[in-house]
Every structure is written in structure tokens, then in C-alpha cells.
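Asker: One-letter residues, chain by chain:
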Amino acid sequence: MAETGHSAGEYISHHLQNLTVCKADGQWVWNECHGNFFAINVDSMVFAILLGFALVFFFSRVAKRATTGVPGKLQTIVEIVVGFVDQSVRDTFSHPPKSRVIAPLAMTLFVWIFLMNSMDLIPVDWLPWAAGHLGVEHLRVVPTTDVNVTFAMAISVFLLTIYFSIKIKGGWGFTKELILQPFNHWAAVPFNFALEGVSLIAKPISLSLRLFGNLYAGELIFMLIALLGIWQLPLHFAWAVFHLLIVLLQAFIFMMLTIVYLSQAHEHH
Amino acid sequence: MDFNLTLIGQTVAMIVFVWFCMRFIWPPVMNAIEQRRKEIADGIAAGDKGQRELADARHGAESILQDARQKATQVADMAHKRSNEMVAEAKEHASAEGERIVAAARTELVTSQTKARDALRREVAALAVAGATRVLGREVDAKSHATLLDELAAELEKQAPTHG
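The listed protein sequences correspond, in order, to chains A and B. So that you can map any letter, position 194 of the first sequence is 193 in numbering that gives the first Met the number 0, and since no number is skipped, the others follow by simple counting. So that you can map any letter, position 89 of the second sequence is 88 in numbering that gives the first Met the number 0, and since no number is skipped, the others follow by simple counting.
Next up, chain A with everything else stripped away, as it sits in the complex (with noise of 0.2 Å):
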């Protein structure tokens, strides 16, 4: 569906050029903030508390009235998902975790990525065409290919993990944990600490990259499908159908790094 008028290229830039506002000079521009750090990616944000909203509304509506004898068919696709989740962690974790946060928040993360990634689903021209109509320029409809919104996620949940390690270990068996580690002797603290921190700050850069690196590639070849003409409609059906593996996996694969992550942070040495 490629406009008659632009070449693939800059078709495919075009598509993947965020929404952008930022304040420059005193005042609002739109679309001209590269290099500012203070500017939103209106388009990801939008998409991602939107969506985050049709979760909570969801699950919470279903919540309110979940009962405790036969479930209906809604409350029966949240527990199933709550179950899912409830066990993960129980699985995961050597005891069952104190902290109440740590199987919510994978289910918020799972649901949310799931539904996030599932934009990609959403044939790629028809949002920004119809925005465009609109009046703006640019459109991103999967939140999950902004490097942004996969790096805030991935570094939210290292910071928890910082903060489990700390309250279960203390500072200073959190510390000892990163210098004396592989080589418990003194003069291998340098090196260990390297070697640690490395495979620490590891963590959070391939959780969100992993994220970003599955969705973004699938929605590039979304849009190169869409150059082909009339060939498109049986190769974007295969993609989708594809696609929909990876939109579900890489899902499951952020709750579950979450979750040895937090697990891992739980653990003594």
C-alpha cells in the first residue's frame, strides 16, 4: 500500500519516525526533536497507556465480579492468565517470594507487551493513513518498537531487582556478591567486579533489546511486504500468522526473564 510518490525508502522512514514533541526555543514543535532528550514520543505513549488502560479496565471489571463459583467465560480467560503467571512464580522462585508485587507485576508486563506487540497485527497503513488524514504526520502504532518504552520496562524491573537484592541480601552481601565473585580472593576484586557489573547492566540492555530487536524486525518486514503490490495479501497473512508466534512469545519472555531476574535477586549465594 505503498503511496504512489514516495520511494520504498522513504516510505519505510517515514514508517518508523515516531511522533515526536518537544519544546524548543520556548516553544512546542512537532516532529523536529532529534538529539533533545526532553521531547515524548507522543504516538508509544499514547498507544502504551491506552492499551494499558484496556488492560486494567479489563481485568478489573472482571475482577470486581469474579466470583468464587462457576466462572463466567471472561473470568475464566483471566484466571487462566493469573493462574499462568501464579505459577510461574511459584516455579520459578526456591520460596515463595514475601513481596506481593513481584507476580502482578509479571502479569501486568505480560499482558501489556502481549497487547502492545499485537498493534503489530494491525495492517501497518491503516492507523498512520488515517491519522494522516487527520492532520499528523507521523505514526507508530506498536509501542513495543520504541526503544524507549522497551528500555523504561526493562530498567524499571533491574532497579527492582537492585532493590530486592539490597533488602534480601543487604548492601553489603549485595556488594560482596559482585566482587568476590567468580574469584573469592582480594586481589581478584577488580576483575570480578568487571566481570559482574558487565553481567549485571547485561541484564536490563538484552531484556529491552530482545523486545525491541523481535518487534521492530517484524514490523519492518510488515512494511516491506506492503511495497510488493498485490503479492502482499498471501505474504502479510503468512507473516501475521507468524507473527502472532513471536507477538505471544516475546511476551512470555519478558515476564519470565522478569521473573528469574527477581528470583535471582532473592537468592544467597
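Worth flagging that the hints you see were computed from the coordinates, not collected in a lab. This one's a predicted model, so the numbers in the text were calculated from it and none came from an experiment. Where is the CB? At the ideal position from N, CA and C, for every residue including glycine. Take these hints with a grain of salt, some might be off.
What the hints assert, rightly or not - Where chain A lies over chain B, by a calculated footprint (3+ residues, C-beta under 8 Å):
no.	stretch
1	3-11
2	16-25
3	28-41
Said to hold, decoys possible - One side of the interface only, derived from the structure: several residues of chain A facing chain B at Cβ under 7 Å:
no.	residue
4	Phe36
5	Ala38
6	Ile39
7	Asn40
8	Ser43
9	Ile48
10	Ala65
11	Val77
12	Glu78
13	Thr107
14	Gly170
15	Trp171
16	Leu234
Following the hints, complete the assembly by docking chain B onto the known chain A.
Answerer: Chain B alone, transformed into the frame defined by chain A:
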């Protein structure tokens, strides 16, 4: 691919959604699941218990039935025996009664025979005396000839043994 304030915005949004989920979604749903799980476990346990009780009751009923059957047989046996006894008793009683009646009749017969014979004898004696009186032409004192008359009566009796 620029990092910008979206990072912070997304973090804040995530914290809010996770908090909401932790506060308002997770507990009721989890509670419902746990509660139902418990109810199902209780239900299964109750079912098992009911089944066990049913088996016990069935067993008990069978033994009671067997007892009853045995008792009924005993009662029937006893009744049979008793009825046999009663029939035997009644038979014995009846035959005794019959014998008694026959004996009484026989006694009465003997008595009345004796009475009749005595009367006959007296009559014969009186006839004899009357005959003798007519023959002799004078009054015979029955008392003075009592011995004679008795002998006569004895003689008569001997001559008519078939009446005895």
C-alpha cells in the same frame, strides 16, 4: 531511536498500571481461584466420604437384612413347631375327652343296667311273693322269707345272663 522523556513517561505509566494490578486485580482474582480450588477439594473429599458412607450403609443394610432373614426363618420354624405341638395337643386332648365321654357313658350304662336289674329283681321278687301268696292263699311275709326271695332272685339272674 532517540532516547527521550518517553523513557520516564513509560516508567511512570508502568508503575501506575502495576500498582493498580497489584492493588485491585490480583487479590480478588487470586482469592477467587484459591477459594474455588478449596471448594473443589472439599467437594471431592465430601464425595469420597459420601461414597464410603454409602458403601458402609450398604454393608450394614445387608447384614441387617441377613439377620432379619435369619430371624424370620427362626420365627417361621418356631411357629411351625408350635402349630405342630398345638395340633398334637389338641388331638391328645380330643382323644382324652372322647375316652372320658365314652367312659362316662359306659359307667352310666352300667349304673342304669344295675338299677334296672335291681328294679327287675324287686319286681320279680314282688311277683314271686304275689304268686306265692296267690298259691298259698295267704299273705307271705316278704321280710321273713327274704333269704328265700334273694336266692330266687339270684337264680333268676343266673338264668338270664344275657341281660347283664
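Asker: Give a verdict on every hint.
Answerer: Right, here's what the structure says about each hint:
1. Look at the stretch 3-11 of chain B against chain A: 8 of its residues bring a Cβ nearer than 8 Å to a Cβ of that chain, three or more, so the hint holds.
2. Coverage of the stretch 16-25 of chain B by chain A holds [criterion: at least 3 residues with CB-CB distance below 8 Å; count 8].
3. Given as covered by chain A, the stretch 28-41 of chain B passes the check, having 8 residues with a CB less than 8 Å from a CB of that chain where 3 are the minimum.
4. Using the Cβ-Cβ criterion of 7 Å, the hint placing phenylalanine 36 of chain A at the interface with chain B is satisfied: the shortest such distance is roughly 5 Å.
5. The restraint placing alanine 38 of chain A at the interface with chain B holds, with a minimum CB-CB distance near 4 Å, inside the 7 Å limit.
6. Hint on isoleucine 39 of chain A holds. Least Cβ distance to chain B is approximately 5 Å, under the 7 Å limit.
7. Hint status for asparagine 40 of chain A: holds, given a least beta-carbon distance of 4 Å to chain B, under 7 Å.
8. Checking serine 43 of chain A against chain B by beta carbon gives a least distance of about 6 Å; that is within 7 Å, so the hint holds.
9. Taking 7 Å as the C-beta contact cut-off toward chain B, the hint placing isoleucine 48 of chain A at the interface holds, the least distance being around 5 Å.
10. The beta carbon of alanine 65 of chain A is positioned within 7 Å of a beta carbon in chain B (closest approach about 4 Å), and the interface hint is therefore held.
11. A hinted interface residue such as valine 77 of chain A counts as satisfied when its beta carbon comes closer than 7 Å to some beta carbon of chain B; here the least separation is about 6 Å, so the hint holds.
12. Satisfaction of the interface hint for glutamate 78 of chain A is found here, the shortest Cβ-Cβ separation to chain B being roughly 6 Å, below the 7 Å cut-off.
13. The interface hint given for threonine 107 of chain A holds, since its Cβ lies 4 Å from the closest Cβ of chain B, which is under the 7 Å cut-off.
14. The interface hint given for glycine 170 of chain A is broken, as the beta carbon of that residue sits about 24 Å from the closest beta carbon of chain B, more than 7 Å.
15. Restraint check, tryptophan 171 of chain A versus chain B: the minimum CB separation of about 28 Å is more than 7 Å; hint violated.
16. Checking leucine 234 of chain A against chain B by beta carbon gives a least distance of about 27 Å; that is not within 7 Å, so the hint is violated.
Against the hints set out earlier in the document, violations occur for numbers 14, 15 and 16.
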